[in-house]
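Asks: Sequence:
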Amino acid sequence: MQLVVKQKNGGAKEFRFTQGPISIGRAANCQVFLPDRSVSKEHAVISATSEGKWIVEDLGSANKTYLNDEAIHKTEIKTGDCLRIIDFTLEINLEDNNHTDKPIHLEDTFHLEAALATPLHETIVRKTDAGHAPAMRLAAKRLTDFSQAAEAICEADSLEKLLLTLVEYCVKAVRCTSCLVCFKKPADRPDALSGRQKPKWSESSAK
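Add 5 to a position in the sequence shown, counting from 1, and you land on the number used in my numbering.
No wet-lab data here; the hints were simulated from the structure.
One or more hints might be untrue.
Unchecked claim - Derived Cβ-Cβ restraints for the label pairs, each shown as a range:
no.: 1; residue 1: GLY57; residue 2: GLY15; range: 31 to 39 Å
no.: 2; residue 1: ALA76; residue 2: THR182; range: 18 to 26 Å
no.: 3; residue 1: LYS13; residue 2: GLU56; range: 33 to 41 Å
no.: 4; residue 1: CYS181; residue 2: THR54; range: 17 to 25 Å
no.: 5; residue 1: GLU100; residue 2: THR182; range: 53 to 61 Å
no.: 6; residue 1: GLY15; residue 2: ARG147; range: 14 to 22 Å
no.: 7; residue 1: GLU47; residue 2: LYS83; range: 19 to 27 Å
no.: 8; residue 1: SER55; residue 2: LEU185; range: 56 to 64 Å
Yeah, the Cβ is synthetic: ideal placement off N, Cα and C, and Gly gets one too.
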């Protein structure tokens, strides 16, 4: 099966699978990862039946799954069908038999095409504010970690929880023994939180 995922006003990404189930959602462990807060963590799943048919099922999502612009719960899909989840479309081709690579795995879904064009030993430095720049090369695990951190940050419902989350992920990311996170408006005293790891991050104090 070939899935071409497109985002409104965004790019496209191609996935290939030889078997199901194929999880779709906002959670970092989904095989088709859709990074939008309006997408449920486990939004939908595509599965194969014993008869060789492919079925898509909405997993009780808040914003529904649409097949050819009709809301569905569970139904068969075929080549040429188009799934829509929020601003994402998933074009389906079940007859993609020309690609013989091994089945796709979770971390493979995060690989960037730019990685194939850049030798492993090279370091790329670029201006982040440039009008145009080549795609960045990132390890799949780093993208998974970034997705999990972004999700945790979005779920923080207070400044204190946000600071705690940032301290926790900073300590994990750089494996340090302590760190300081600070928010400050130009004319205000900063709100700060420090953390210490012993050996795991376990303490925090607000200042």
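Asks: If you check each hint against the structure, which ones fail?
Replies: Hints 2 and 4 are the ones this structure does not satisfy, whereas the remaining hints hold.
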